[in-house]
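**Q** In case you want the letters, here they are:
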Amino acid sequence: MNRLILAALAVAGLILPAVRAEDKKFEGPTSGTIKIVSSLPRTGSAKGQTDTIVNGIKLALEEEGNKVGDFKIVYEDLDDATAAAGQWDAQKETSNANQARDDADVMVYIGTYNSGAAKISMPILNKAGILMVSPANTSPSLTKPNFGEKDEPTRYRPSGKVNYFRVVPTDDVQGPVAAHWAKSMKIKSVYVLDDNEVYGKGIADLFRGECEGLKLKVLGQESIDVKAQEFKALMQKIKALKPGLIYFGGTTQTKAGQLAKDMVAAGITAPLMVPDGCYEQSMIESAGADVLNGRCYVTFGGLPPTELAKKGGKGKAFVDAYEKKFGKIPDEAYAVYGYECAKVALEAIRKAGVKNREAIVAAAGKLKKFEGALGTWSFDVNGDTDLKMMSGSKVVDGKFVFEKILEIKD
Amino acid sequence: MTGLTGLVFASADTQFFINICITGLTTGFLYALIALGYTMVYGIVELINFAHGDLFMLGCFFALTLGGAVMALTGSPMATIALMLLATPVFCAFLNMLVDLTVYKALRTAPKLAPLVSAIGVSFVFMNIGLFWGGSQDVNFPGLIEERNLLAEDSGLQFTTTDLLVILVTAPVMIGLTIFVKSTSLGKAMRATAQNPVAAQLMGINVNRVIAATFLIGGALAGIASVIYGLKIKTIGYQMGFQNGLYAFTAAVLGGIGNIPGAVLGAIVIGMVYSLASAYIDARWATAMVFVILITILVFRPTGLLGARTREKV
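Chains as they are written, first to last, in the working numbering: chain A, 1 to 410; chain B, 1 to 314.
Hints were generated in silico from the structure; no laboratory data involved.
One thing to keep in mind: the hints can contain errors.
What follows is a list of derived Cβ distance ranges for each label pair [what the hints assert, rightly or not]: (1) G267/A - F94/B: 53 to 63 Å; (2) R284/B - A85/A: 30 to 40 Å; (3) L246/B - L219/A: 30 to 40 Å; (4) A171/B - L219/A: 30 to 40 Å.
Don't be surprised by glycine CBs; every beta carbon is placed ideally from N, CA and C.
Generate the whole structure from the sequences, applying the supplied hints.
**A** Below, the structure written as structure tokens:
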């Protein structure tokens with residue numbers, strides 16, 4: 001028994017210095033060149049979005065005069081897409097990450113755009129200890145346990161440390177945000193449907209949980225068979241329960257359009273609310289504009305620039321500066337997240353004060369009450385923003401029209 | 001009026017049950033049209049034509065393309081529907097016959113597995129044509145008929161315009177087919193060929209012509225189903241052929257493959273089971289329930305519901 005206690009003490013002795021090490025002084029040059037690279041799909045269908053992200057990064061760097069203290073900041077815009085694929089490519093993303101790892105000047109890696117691409121570069125950059133900040137990855141499994149496979153997210157952190165941060169709210173925030181939105185619409189009862197997939201069911205479960213917390217009556221939850229052709233009988237059943245709103249955790253590809261059609265066909269007049277997996281024009285095309293008109297609500301993890309400007313403060317300052325530099329306000333929602341990523345990178349370098357990858361990652365992890373263009377927010381232990389701000393849109397005349405900013409304040 | 005309907009359907013549960021049955025019945029009628037194509041071809045040449053579901057899918061895309069063009073030209077939904085109902089069966093009928101002439105005919109005397117595997121091959125070819133035609137995403141089929149409840153809203157019952165369309169088109173087609181097979185000379189020739197092709201040939205029946213006619217009729221029925229499906233379900237996609245084909249084939253087996261009334265009965269049973277299971281058990285278990293019923297019935301009646309009763313196939 002004594003031996004056990006001794007062993008425990010020995011282990012504790014090993015851990016304690018490690019805990020204290022967080023405050024240790026890092027060594028490294030205090031002047032010279034620091035490189036920030038971004039890895040985004042610069043060719044193919046996402047080019048419109050990534051153009052504005054890159055503009056946002058450039059704007060942030062320029063505002064600081066491309067320097068932090070005595071460091072000169074150099075920015076390199078890498079492409080993780082190929083023209084042949086028209087989207088991100090695993091090989092390109094791997095080579096970008098390897099390039100960053102092997103270049104001793106690279107301290108920050110801004111990316112990726114696609115969550116799938118992040119799964120490839122995250123372990124490489126984690127081993128190299130480079131700070132990675134993503135403007136657009138929304139998959140919760142990248143950082144949060146119990147959302148993906150068993151070894152997620154630990155498989156992305158081979159070193160055991162968190163080096164990956166993101167400024168954009170994750171998909172799972174949409175469930176609770178949607179529940180608050182429904183509540184604010186004076187909805188009394190909801191029926192929850194999901195597609196039984198990680199993304200859809202995850203969001204639907206969180207939506208349901210939040211509804212129960214908000215005392216919104218949940219009449220039932222059911223997973224649909226995504227291979228089914230139609231859901232008329234299911235809709236008859238839901239109609240009989242007279243819900244005030246139907247929530248579907250799923251995507252356009254998992255029959256959201258058909259559900260909407262069968263809802264209308266069954267004579268249900270309640271609105272339909274869906275997450276951003278349905279925030280695409282093909283949703284409207286597959287369901288038919290008249291079916292969704294005025295009754296389909298969508299949550300989405302970004303704020304349109306026009307709304308950002310209305311919020312005032314640093315958000316408005318960003319939109320104004322962007323317009324001044326590039327001649328028009330950003331036409332894509334992710335521009336501000338690119339800007340915010342670069343600001344985070346610069347702040348981390350400033351806090352660290354030395355050209356040392358480990359020091360910069362540690363400084364980023366300690367960012368609290370960061371005053372950025374999106375508002376005041378902090379990183380949590382997983383590296384996610386604690387900002388729970390999304391936008392809510394409604395389908396009107398075959399288009400998604402911004403309705404309101406959705407925000408949960410803890 | 002309120003008093004009367006209130007009296008007849010006093011309980012909300014009863015209303016709900018009837019609504020579910022209406023949904024199941026119309027779904028069953030749709031499957032029946034496709035199932036007939038399976039069962040007729042099987043009855044004549046003992047071939048499970050796996051491409052039939054995908055033929056139905058191509059019919060949907062044909063109807064969509066044609067409908068879009070006619071609608072743009074005339075602007076009249078009624079004219080568009082009429083033209084779709086005329087042209088789509090013709091398209092599917094000739095496509096089906098063409099497949100028989102180019103693929104199955106050469107394999108008529110080959111072992112049974114050869115045409116079966118070829119049918120699977122044709123199914124994939126059709127699916128790829130569908131992918132090329134309509135793209136990989138599900139496509140919206142415009143609702144040319146306004147979805148309106150024909151029953152009084154306060155009755156709590158729902159029987160819509162598209163439900164009526166399904167029955168108005170399907171029922172006469174099925175009755176007509178039964179009369180055709182029973183009492184025309186070509187129908188007689190078909191029954192003779194089904195019973196014994198060699199004997200039929202010896203009696204002076206042009207067996208190849210009879211087979212071609214069977215493929216034509218089966219294809220035309222699939223074409224009618226395509227238009228009705230598009231107008232009723234309103235979403236089509238290149239992969240829909242497999243799922244619908246599977247249900248229709250199951251219906252044919254359930255009713256007794258080769259038996260025309262059997263296919264219709266089997267389809268209605270499947271539509272009903274699917275609908276009731278979705279409503280009373282769980283939507284995810286509906287497909288499983290369909291096959292549980294199928295297996296149970298086949299254990300006790302291996303020839304299907306009506307398979308043993310009638311001697312002659314078709």
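**Q** Are the hints correct? Go through all of them and say.
**A** The hints, checked one at a time:
1. G267/A - F94/B: 53 to 63 Å: Cβ of G267/A to Cβ of F94/B: about 40 Å, so the range 53 to 63 Å is violated.
2. R284/B - A85/A: 30 to 40 Å: holds, 35 Å
3. L246/B - L219/A: 30 to 40 Å: Given about 32 Å between the Cβ atoms, the range holds.
4. A171/B - L219/A: 30 to 40 Å: Holds - the Cβ-Cβ distance for A171/B and L219/A, about 37 Å, lies within 30 to 40 Å.
The structure does not agree with numbered hint 1 stated previously, though it agrees with all others.
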